[in-house]
Amino acid sequence: MEKLLEVKGLKTHFFTSGGVVKAVDGISYDVAPGETVAVVGESGCGKSVGAMSILRLIPDPPGKNMGGEILFQGRDLLELSDAEMRDIRGRDIGMIFQEPMTSLNPVLSIGRQLTETVEHHLKVSRKQAMERAIELLGLVGISEPERRLKQYPHHLSGGMRQRVMIAMSLACEPKLIIADEPTTALDVTIQAQILELMKNLTRELGVAMIIITHNLGVVARYADRVNVMYAGRIVESGTAEEIYHNPKHPYTLALLRSVPRMDQPRGAKLEPVDGQPPDLTKLDGGCAFRPRCRFATESCAQAQPVLEEVAPAHISACFEKDRVGLTAGVTA
Amino acid sequence: MLQYVLKRLLLMIPTILGAAFIIFFILRVVPGDVCELKLGGDGGHYDPVQVEICQKNLGIDRPVYEQFGKFVVGIFTFDYGNSMDTGKPVTHEIGLRFQLSLQIAIMATLVTIIIAIPLGTISAVYQNSWIDYIVRTVSIAGIALPSFWLGILLLLFLLNFSDWMWGIRWSPPLIYKPIWEDPYHNVSQLIWPAVATGYRYSAVATRMTRSSMLEVLREDYVRTARAKGLLEKLIINRHALKNALLPVVTVIGIEFAFLMGGLVVTEQVFNLNGLGQLLVHSVTGKDYTMTQAIVMIIVLVFVFTNFMVDILYAWLDPRIRYS
Ligand SMILES: Nc1ncnc2c1ncn2[C@@H]1O[C@H](COP(=O)(O)OP(=O)(O)OP(=O)(O)O)[C@@H](O)[C@H]1O
Ligand SMILES: [Mg+2]
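Going line by line, the protein sequences match chains G and B.
For reference, each letter of the first sequence is one residue, going 1 to 332 in the working numbering.
For reference, each letter of the second sequence is one residue, going 1 to 323 in the working numbering.
Derived by calculation from the structure, the hints in this document are not laboratory data.
Ideal placement from N, C-alpha and C gives every residue a C-beta, glycine not left out.
Do not rely on the hints blindly, as some may be mistaken.
Said to hold, decoys possible - Quick list of in silico lysine-lysine cross-link-like pairs, BS3-like style, CA-CA up to 30 angstroms:
| hint | chain 1 | residue 1 | chain 2 | residue 2 |
| --- | --- | --- | --- | --- |
| 1 | G | Lys150 | B | Lys233 |
| 2 | G | Lys199 | G | Lys175 |
| 3 | G | Lys127 | B | Lys233 |
| 4 | G | Lys123 | B | Lys7 |
| 5 | G | Lys8 | G | Lys282 |
| 6 | B | Lys7 | G | Lys150 |
| 7 | G | Lys150 | B | Lys242 |
| 8 | G | Lys175 | G | Lys123 |
To be verified - Computed footprint of chain G on chain B; a stretch qualifies when at least three of its residues, placed anywhere within it, have a C-beta under 8 angstroms from a C-beta of chain G:
| hint | stretch |
| --- | --- |
| 9 | 79 to 93 |
| 10 | 214 to 221 |
| 11 | 226 to 237 |
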């Protein structure tokens with residue numbers, strides 16, 4: 001199938017006084033049209049930086065692209081001029097951020113914030129943009145859209161604001177939506193509603209989605225494929241099914257053990273991932289996960305494991321991947 | 001919104017009363033009065049009988065609370081009494097100078113706004129570029145230079161420049177004419193003190209705009225605006241500036257009120273009969289009614305400016321408007 005997005009060897013580093021932070025250090029993955037790809041990993045592993053690098057929204061300085069390609073519909077986004085990039089942002093690729101409380105402008109009305117994208121990209125009149133805004137609010141399940149348009153973000157609850165963000169990202173019928181932890185800041189019940197809404201809308205409208213999360217439960221239900229990130233790299237990638245039932249990287253395994261699962265007995269013990277995430281300025285030539293890994297051997301310090309196929313469409317970067325498994329892990 | 005405005009208006013009353021109280025009693029803490037000063041010779045000797053008559057005429061022999069009551073009633077009925085020095089109603093004397101001071105304050109504030117908001121914004125948008133360094137240097141200089149000194153420099157420059165350009169030495173007119181009588185004359189006189197003081201105040205406001213803007217540019221909603229693909233110009237003007245202006249409005253408001261009575265030396269340099277000069281004279285002459293009236297008018301301007309700032313705030317920020 002023709003790919004919508006191909007990320008190849010993308011590197012984004014931050015040059016800070018404390019050293020070079022290799023926040024994203026050579027990640028590669030594809031997104032097919034209409035597909036939902038989840039990116040999971042601990043806080044600080046580079047999920048947001050990886051996603052925002054696609055839209056070139058990383059502040060420079062201190063951030064800098066250090067190589068790679070981002071092919072969107074065959075065009076390398078890293079080669080585009082600023083003006084060409086602006087045409088893609090908000091029109092072909094929409095973005096939803098984590099914090100609905102701060103991601104909307106407090107002094108502009110909901111209507112203004114919805115219409116400006118439409119007016120800018122589709123070059124329609126204010127009136128047509130308003131009609132589109134009303135349609136969009138209806139689409140994301142907001143009642144009385146005409147009244148809402150005149151309101152300001154502080155009038156809305158967190159869940160409502162996130163619905164507005166979703167409406168905004170869909171405004172110009174994009175091909176891809178990047179959602180950076182869209183539900184982390186919301187109540188559990190609202191989380192489910194928002195995720196359901198996003199799933200339905202992307203299916204209906206045929207929009208592809210990259211959804212960033214640290215909730216593996218989300219992954220299982222809503223994603224087609226999963227990229228597991230650790231210390232700026234993808235360490236495992238496969239279908240949601242495979243990752244969930246047949247993890248082949250010790251980190252993925254540890255992540256799975258740390259969350260409750262439907263398919264485990266109720267009393268099963270939850271184990272948080274031991275140890276601290278590594279300092280991204282001080283990575284050596286070996287596997288970054290080895291200090292926390294219970295499968296680690298001598299060779300893990302010698303070289304970085306590369307991604308290798310463990311099953312069809314399932315890759316893992318671990319020297320010991322054959323020993324890793326949901327049952328094997330318990331005794332290892 | 002209407003409720004908000006009414007609330008603000010009502011809040012003005014206790015502020016004014018409190019200020020009146022403080023002004024009135026602080027003035028009377030200083031020993032001596034206008035009669036002793038007027039009738040006393042060089043050695044400070046005076047005839048007690050004469051002084052008593054003088055005090056009776058001016059009403060300062062009455063109990064303090066009675067004088068205070070009269071003063072407070074006067075504030076709201078706009079009757080500030082007669083000057084203890086000249087005997088004429090103080091409002092007459094103040095009226096002329098109020099016009100002049102108000103005009104300078106407005107012009108200086110305009111100068112401030114015209115300089116501060118664009119420069120502060122550019123400086124923040126191009127943080128750490130050469131533009132930013134120039135703006136920051138210029139505004140540090142503005143804070144360091146007293147405006148009367150800048151005024152002197154301006155006058156000297158005008159004299160020499162006109163001499164060099166046209167062979168005649170030109171300096172701003174010395175006599176004040178209201179703007180509706182002779183706008184050209186009026187503006188060519190008052191623009192220079194307005195620039196001299198406006199530059200200094202703009203320095204503070206520029207720095208404020210810059211730091212406020214820098215903060216806003218890091219906000220999530222600015223990132224959202226970028227992710228929508230909007231033009232940078234629109235992001236700055238529509239998304240960032242309105243948020244960044246909130247603290248700047250306060251600073252400019254406070255400055256405006258200060259300009260009304262605080263320009264004593266600058267007025268001297270430009271030979272202007274403004275409120276500042278009158279205030280200093282009335283204080284040294286122990287002309288209580290005059291001092292009280294001027295300070296009270298400055299207070300009223302302050303309170304009114306604050307009110308306007310609050311209204312502007314509500315206009316800029318819907319969170320205030322709808323609470
Ligand atoms: N502007 C910046 N300057 C310096 N370092 C940065 C900057 N932005 C991000 N980083 C660093 O890049 C790394 C990855 O950050 P990122 O925000 O992508 O993490 P994340 O995986 O999204 O985490 P979270 O789950 O907390 O959102 C972190 O170590 C962070 O400190
Ligand atoms: Mg993040």
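For each hint, the structure was consulted:
1. The hinted pair formed by Lys150/G and Lys233/B meets the criterion: a straight-line CA distance of about 24 angstroms does not exceed 30 angstroms.
2. Proposed proximity of Lys199/G and Lys175/G is supported: the alpha carbons are some 14 angstroms apart, at most 30 angstroms.
3. As the CA atoms of Lys127/G and Lys233/B are separated by approximately 23 angstroms, the hinted pair is consistent with the 30 angstroms bound.
4. Restraint check for Lys123/G and Lys7/B: the C-alpha separation of about 44 angstroms exceeds 30 angstroms, so the hint is violated.
5. Among the hinted pairs, Lys8/G with Lys282/G is consistent with the structure: their alpha-carbon atoms are about 24 angstroms apart, no more than 30 angstroms.
6. Of the pairs offered as hints, the one joining Lys7/B and Lys150/G holds, with about 25 angstroms between alpha carbons and a cut-off of 30 angstroms not exceeded.
7. For the hint pairing Lys150/G with Lys242/B, the CA-to-CA distance comes to about 18 angstroms; that is within 30 angstroms, so the pair holds.
8. For a cut-off of 30 angstroms, the pair hint linking Lys175/G to Lys123/G stands: about 19 angstroms separates their Cα positions.
9. Check result for the stretch 79 to 93 of chain B against chain G: violated, 0 residues qualifying (beta carbon to beta carbon below 8 angstroms, three or more required).
10. Figure legend: the stretch 214 to 221 of chain B, annotated as covered by chain G; annotation consistent (3 residues with Cβ-Cβ distances under 8 angstroms, at least 3 required).
11. Under a criterion of three residues with beta carbons nearer than 8 angstroms to beta carbons of chain G, the stated coverage of the stretch 226 to 237 of chain B is upheld, 7 such residues being counted.
Hints 4 and 9 from the list above are not met by this structure, while the remaining hints are.
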